[in-house]
Amino acid sequence: MSLRIVVCVKYVPDATGDRHFAEDLTTDRDAVDGLLSELDEYAVEQALQISEAADDAEITVLTVGPEDAKDALRKALSMGADKAVHVEDDALHGTDILGTSLVLAKAIEHVGYDLVVCGMASTDGTAGVVPAILAERLSVPQVTLLSEVKVEDGTVTGRRDGDAASEQLQASLPAVVSVTDQSGEARYPSFKGIMAAKKKPVESLDLSDLGIEAAEVGLAGAWSAVDEANERPARTAGTIVKDEGEGGKQLAAFLAERKFI
Amino acid sequence: MGEVLVYVDHVDGAVRKPTLELLTLARRIGEPVAVHLGAGADTAAPVLAEHGATRVLAADASEFADYLVVPKVDALEQAVTSVNPVAVLVPSSAEGKEIAARLAVRIGSGIITDAIDLEAGTEGPVATQSVFAAAFTTKSHITKGTPVITVKPNSATPEAAPAAGTVEQFAVTFSEGATGTKVVARTPRESTGRPELTEAAMVVSGGRGVGAAENFNIIEALADSLGAAVGASRAAVDAGWYPHSNQVGQTGKQVSPQLYIASGISGAIQHRAGMQTSKTIVAINKDAEAPIFDLVDYGVVGDLFEVVPQLTEEIKVRKG
Numbered sequence: 001m002s003l004r005i006v007v008c009v010k011y012v013p014d015a016t017g018d019r020h021f022a023e024d025l026t027t028d029r030d031a032v033d034g035l036l037s038e039l040d041e042y043a044v045e046q047a048l049q050i051s052e053a054a055d056d057a058e059i060t061v062l063t064v065g066p067e068d069a070k071d072a073l074r075k076a077l078s079m080g081a082d083k084a085v086h087v088e089d090d091a092l093h094g095t096d097i098l099g100t101s102l103v104l105a106k107a108i109e110h111v112g113y114d115l116v117v118c119g120m121a122s123t124d125g126t127a128g129v130v131p132a133i134l135a136e137r138l139s140v141p142q143v144t145l146l147s148e149v150k151v152e153d154g155t156v157t158g159r160r161d162g163d164a165a166s167e168q169l170q171a172s173l174p175a176v177v178s179v180t181d182q183s184g185e186a187r188y189p190s191f192k193g194i195m196a197a198k199k200k201p202v203e204s205l206d207l208s209d210l211g212i213e214a215a216e217v218g219l220a221g222a223w224s225a226v227d228e229a230n231e232r233p234a235r236t237a238g239t240i241v242k243d244e245g246e247g248g249k250q251l252a253a254f255l256a257e258r259k260f261i
Numbered sequence: 001m002g003e004v005l006v007y008v009d010h011v012d013g014a015v016r017k018p019t020l021e022l023l024t025l026a027r028r029i030g031e032p033v034a035v036h037l038g039a040g041a042d043t044a045a046p047v048l049a050e051h052g053a054t055r056v057l058a059a060d061a062s063e064f065a066d067y068l069v070v071p072k073v074d075a076l077e078q079a080v081t082s083v084n085p086v087a088v089l090v091p092s093s094a095e096g097k098e099i100a101a102r103l104a105v106r107i108g109s110g111i112i113t114d115a116i117d118l119e120a121g122t123e124g125p126v127a128t129q130s131v132f133a134a135a136f137t138t139k140s141h142i143t144k145g146t147p148v149i150t151v152k153p154n155s156a157t158p159e160a161a162p163a164a165g166t167v168e169q170f171a172v173t174f175s176e177g178a179t180g181t182k183v184v185a186r187t188p189r190e191s192t193g194r195p196e197l198t199e200a201a202m203v204v205s206g207g208r209g210v211g212a213a214e215n216f217n218i219i220e221a222l223a224d225s226l227g228a229a230v231g232a233s234r235a236a237v238d239a240g241w242y243p244h245s246n247q248v249g250q251t252g253k254q255v256s257p258q259l260y261i262a263s264g265i266s267g268a269i270q271h272r273a274g275m276q277t278s279k280t281i282v283a284i285n286k287d288a289e290a291p292i293f294d295l296v297d298y299g300v301v302g303d304l305f306e307v308v309p310q311l312t313e314e315i316k317v318r319k320g
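Protein chains in written order, with our numbering: chain A, 1 to 261; chain B, 1 to 320.
You may find that some hints are simply not true.
Claimed, not checked - Residues from chain A that face chain B, not an exhaustive set, calculated with beta carbons under 7 Å:
(1) Ala127
(2) Gln142
(3) Asp163
(4) Ala171
(5) Leu205
(6) Ser208
(7) Ile240
(8) Arg258
(9) Lys259
(10) Phe260
Unchecked claim - Quick list of in silico lysine-lysine cross-link-like pairs, DSS-like style, CA-CA up to 25 Å:
(11) B:Lys319 with A:Lys259
(12) A:Lys249 with B:Lys286
(13) A:Lys192 with A:Lys70
(14) A:Lys150 with A:Lys83
(15) A:Lys200 with A:Lys70
(16) B:Lys279 with A:Lys242
(17) B:Lys279 with A:Lys249
(18) B:Lys316 with A:Lys259
(19) B:Lys279 with B:Lys316
(20) B:Lys182 with A:Lys249
(21) B:Lys286 with A:Lys106
(22) A:Lys242 with B:Lys316
(23) B:Lys17 with A:Lys259
(24) B:Lys279 with A:Lys259
(25) B:Lys319 with A:Lys249
(26) A:Lys70 with A:Lys106
(27) B:Lys286 with A:Lys242
(28) A:Lys150 with B:Lys182
No lab work stands behind these hints, which were simulated from the structure alone.
Ideal placement from N, C-alpha and C gives every residue a C-beta, glycine not left out.
Using the sequences provided together with the hints, build the complete structure.
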C-alpha cells in the first residue's frame with residue numbers, strides 16, 4: 001500500500017525583508033513579499049527522499065493561509081510533491097498557533113496520512129511547537145527536530161540533537177516528524193519540475209469543509225492576544241576604530257571600561 | 001496570590017540556570033511551586049527552595065528517560081490538575097517548548113513561547129517577546145485557560161528568596177501515547193568545560209572570516225580568557241568549521257548575553273536574529289561596510305588574526 005505523506009508548509013514574509021505588524025497587530029503580509037518558509041524546504045526535501053526510498057508513496061503538501069500562500073504550494077510541487085491542499089478562509093485572519101494546528105490537524109485527517117513531515121519552525125512566528133501539537137491533536141507519536149530521518153517497514157527512526165544529548169528515536173507509523181536545517185540541503189526545482197507543477201492538483205478547502213466553526217479560529221478565537229508591538233529602538237551608534245596595530249589593546253580598554261575584564 | 005508551576009530543567013538533579021530565572025520571574029505573579037521529573041529531586045530541592053520554591057512536586061519513573069516528551073506532559077498535566085495554578089512556566093529549550101505546547105492543548109489553554117520578560121497584569125501575566133529577528137518587541141497575554149508560558153534563558157537574574165521547598169512525591173499515571181516514541185540510544189554531549197551558550201554571560205563568536213576549522217582555536221582562546229561561551233555563524237557551521245550546537249542565529253541558538261563579541265561575522269539577518277538583544281556588542285571585521293557594525297557598541301575594522309590574539313593577550317595581562 002502506498003505510503004501517504006503530508007508535508008505541512010507555511011507561506012511567510014521574506015525574513016530578509018523589513019517585516020512589520022499591521023494595525024490589528026497581526027503580521028503585515030503586504031509590507032514584504034511572501035515565500036515558502038526556508039525551514040519548510042527541508043521538510044519537503046526529506047519527504048521526497050523518504051518517498052524515493054519507498055516502493056510506492058504519495059506526497060501531499062498542505063498549507064493554511066491567504067490566497068498568495070498558493071505560491072508556497074507551487075514551490076513544493078515544483079520540488080517534486082505530488083499534490084497540494086490549500087485551506088483558505090477569510091475567518092482565518094489572525095489565527096494563532098493553537099487555531100492553526102487545529103485546522104492543520106483536521107486537514108491532515110481529511111487527506112489521510114501515514115506520515116506527517118514538518119519543518120523545525122516557521123521563519124516568522126519561530127515558536128517551533130506546531131509539530132508537537134499536531135502529534136497531540138492527532139494522537140500519534142511525535143518524532144521531532146530530527147537531523148536524520150528514515151522510514152522503513154512502518155517504522156520511523158531518526159536522530160535528535162538536543163541541548164544535553166543526541167538521541168536516537170524510534171516510533172511506529174502513523175507519526176508526526178519534524179526535521180531541522182541539518183537534515184540535508186533542499187533541492188532546487190528543475191525546469192521540468194516547475195512545468196510539471198503547473199499541472200498538479202491543488203485542492204482548496206474552507207473551514208466548513210473541515211467542520212471547523214469560524215469562532216474557533218481567527219483573531220477573535222485566538223488563545224492569546226498581542227497587546228502592543230513596538231519597534232526596537234535602533235542601537236546608538238558605537239565607536240568604530242580602524243586597526244593601526246593597537247586594535248586589540250583598544251578593544252581590551254573598552255572591555256575593561258565596561259567592567260568585563 | 002495563587003501558585004505558579006515552574007517546570008524544572010535539570011540533569012540528574014543539577015538544576016540549570018534558566019529554571020532559577022523562572023523561579024525569580026514566577027514570584028512576580030504568584031508563589032512558585034517547582035515540578036521536578038526524573039532522578040535527583042533531593043539534590044535539586046535545596047537549590048529550588050533557595051530561589052523561592054514553596055513546594056517541590058517530584059515524580060520519578062523510567063518513562064521520562066526512555067520515551068520522548070509525552071511522559072513529561074502527562075506528569076505536568078497531573079501537577080496542573082492537583083495544584084490549579086495561576087500560570088505554568090517552562091524554560092524555552094526545544095524540549096521545554098514541546099512539553100509546554102502539548103500541555104496547553106491538553107488543559108485547553110493558550111500558550112506564549114520564548115518570552116524574554118514577564119510581569120503581572122490585570123488579565124494575567126504579561127509576556128514580552130522579541131520578534132521578527134528582534135526588530136520588534138511585543139507584549140501579550142493569554143486569553144483562555146491557565147497561561148502556559150515558555151521563557152528564554154537570560155531573561156532575568158536569579159535572586160535568592162528562601163522558601164520551604166518541601167518535597168512532595170507524586171505518582172504519574174501515564175497516557176496511552178506516553179510510550180509512542182522510544183529513545184533507543186542517548187549520547188550525552190561532550191563537555192567543553194565552557195559555559196552553556198544560551199546561558200553564558202559572555203559569548204565570543206566566529207564567522208566566515210575565521211576561514212578554517214583549525215583557526216577557531218583563536219576564537220576559543222579569546223573565549224577562555226574571558227570565561228565566555230563560543231558561538232559560530234551559520235556560514236562557519238555550514239562550512240563544517242564548528243558544531244551546529246554552537247550556531248548562533250535564527251536557526252540556531254538565540255543568545256542574549258551581557259557581552260557578545262563577533263569576529264569575522266558580517267551580520268546578516270540570519271545571524272542578527274540570534275544575538276541582537278545582547279547588552280553590549282563588539283565586532284571585529286576587516287570590512288568596514290559589514291552590517292554588524294550598525295549594531296556595535298565598539299567595533300574594530302581590521303584583520304581578526306591580528307586583533308583577536310592581541311586582545312586575548314591584553315586580557316590575560318590585565319587579569320594578571
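Let me know if the C-beta of Ile240 (chain A) comes in closer than 7 Å to any C-beta of chain B, holds or violated.
At about 4 Å, which falls below the 7 Å cut-off, the nearest Cβ of chain B leaves the hint on Ile240 (chain A) intact, so it holds.
Restraint check for Lys279 (chain B) with Lys242 (chain A), where alpha carbons must lie at most 25 Å apart:
holds, 23 Å
Min Cβ distance, Leu205 (chain A) to chain B: is it shorter than 7 Å?
violated, 22 Å
Taking 7 Å as the limit, does the beta-carbon of Ala171 (chain A) come near enough to a beta-carbon in chain B?
holds, 4 Å
Measure nothing beyond the straight line between the CA atoms of Lys279 (chain B) and Lys249 (chain A); if it is 25 Å or shorter, mark the hint as holding.
holds, 21 Å
For Lys316 (chain B) and Lys259 (chain A), compute the direct alpha-carbon distance and say whether it is at most 25 Å.
holds, 14 Å
Need the status of pair Lys242 (chain A), Lys316 (chain B): alpha-carbon distance at most 25 Å?
holds, 23 Å
CA of Lys70 (chain A) to CA of Lys106 (chain A), is that 25 Å or under?
holds, 19 Å
Taking 7 Å as the limit, does the beta-carbon of Arg258 (chain A) come near enough to a beta-carbon in chain B?
holds, 6 Å
Hold the hint about Gln142 (chain A) up to the distance rule: shortest CB distance to chain B must be less than 7 Å.
Status holds, d = 6 Å.
Assess, step by step, whether the Cα of Lys249 (chain A) is no farther than 25 Å from the Cα of Lys286 (chain B), and give holds or violated.
holds, 17 Å
Below or equal to 25 Å on CA atoms is what counts here, so check Lys286 (chain B) against Lys242 (chain A).
Holds, at about 9 Å.
Of the numbered hints given earlier, the model fails hints 5, 6, 9, 20 and 21; all others are met.
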